[in-house]
Amino acid sequence: MSVDPLGALRARFIERTRQDGDALETAFRSGDDAVVEHLAHNLAGAAGVFGFGDLGDAARAIDDAYAAGERPSSEAVTDLRQRILDLQA
Amino acid sequence: MNEIALLHVDDEDDIREVAAYALELDAAIQLTSVASGGAALEQLEAGYRPDAILLDVMMPGLDGPGTLERLRTISGLESTPVVFMTARVQADERQRYLNLGAVGVITKPFDPLSLASELRSLLAAR
Numbered sequence: 001m002s003v004d005p006l007g008a009l010r011a012r013f014i015e016r017t018r019q020d021g022d023a024l025e026t027a028f029r030s031g032d033d034a035v036v037e038h039l040a041h042n043l044a045g046a047a048g049v050f051g052f053g054d055l056g057d058a059a060r061a062i063d064d065a066y067a068a069g070e071r072p073s074s075e076a077v078t079d080l081r082q083r084i085l086d087l088q089a
Numbered sequence: 001m002n003e004i005a006l007l008h009v010d011d012e013d014d015i016r017e018v019a020a021y022a023l024e025l026d027a028a029i030q031l032t033s034v035a036s037g038g039a040a041l042e043q044l045e046a047g048y049r050p051d052a053i054l055l056d057v058m059m060p061g062l063d064g065p066g067t068l069e070r071l072r073t074i075s076g077l078e079s080t081p082v083v084f085m086t087a088r089v090q091a092d093e094r095q096r097y098l099n100l101g102a103v104g105v106i107t108k109p110f111d112p113l114s115l116a117s118e119l120r121s122l123l124a125a126r
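Chains A and B, in that order, are what the protein sequence lines are. Take the first sequence: its position 54, counted from the start at 1, is 54 in this note's numbering, and no numbers get skipped. Take the second sequence: its position 1, counted from the start at 1, is 1 in this note's numbering, and no numbers get skipped.
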């Protein structure tokens, strides 16, 4: 039986990301773009490290929007939120 | 392999943890991790002199470029190699970080199994 050396770290990432997902949704609804941008940016950089490339891409789309001076669409945020809810180790 | 005392600065817990796992695969890297530019400056102003610094770009409060600017004013750190780490990969931003004095930029997400060798390559190429 092989041991996944990142298994414990991945589990912590998932737990933290679920908490961040709650914060991201709340921040977007209240118009707190700084929080949304920060959370999306961090997720864009971290998700792929733990093997969740699609999640990272969804987060990067939101980060890229802010980098371009635009507000991400509610659809993009909803998509990211759902991907976070679907996260499993 | 040369021993390297490395200071890693990143506000994100997940990144610090996986980077610690990845960098400690290289037994010759002695790693110190801190969670903010301010914490990094505290260590450096107290006398810690790493051989290299791995520095996140986007951090709340004092960001990576701001941290670099401040640490360059500390005696003994004027030419310590700094590698930035960032999730934003646009070419113009990468060049900006090099223009600020970084010896290289590592993009996130990174491969944990090759992070140490990627860092060593950047440090060796300067």
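Simulated from the structure, these hints should not be mistaken for laboratory data. Warning: the hint list may mix true and false statements.
Stated by the list, open to error - Far from chain B by the CB rule (all over 12 angstroms, computed), these chain A residues:
| hint | residue |
| --- | --- |
| 1 | R12 |
| 2 | T26 |
| 3 | S30 |
| 4 | G31 |
| 5 | A44 |
| 6 | E70 |
| 7 | R71 |
| 8 | S74 |
| 9 | L85 |
Unchecked claim - Quick look at which bits of chain A chain B covers, simulated, 3 or more residues with Cβ under 8 angstroms:
| hint | segment |
| --- | --- |
| 10 | 18-25 |
| 11 | 36-42 |
| 12 | 60-67 |
| 13 | 76-83 |
Unchecked claim - Distance windows between CB atoms, simulated:
| hint | chain 1 | residue 1 | chain 2 | residue 2 | range |
| --- | --- | --- | --- | --- | --- |
| 14 | A | D79 | B | G47 | 19 to 29 angstroms |
| 15 | A | A34 | B | A46 | 41 to 51 angstroms |
| 16 | B | N2 | A | T26 | 45 to 55 angstroms |
| 17 | A | D32 | B | A35 | 18 to 28 angstroms |
Keep in mind the model is a prediction, meaning the values are calculated, not measured. Just so you know, even glycine gets a beta-carbon here, dropped at the ideal spot from N, CA and C.
Practice task
Provide an ascending list of the numbers of those earlier hints which the structure does not satisfy.
Solution key: 1, 5, 10, 13, 14 and 15
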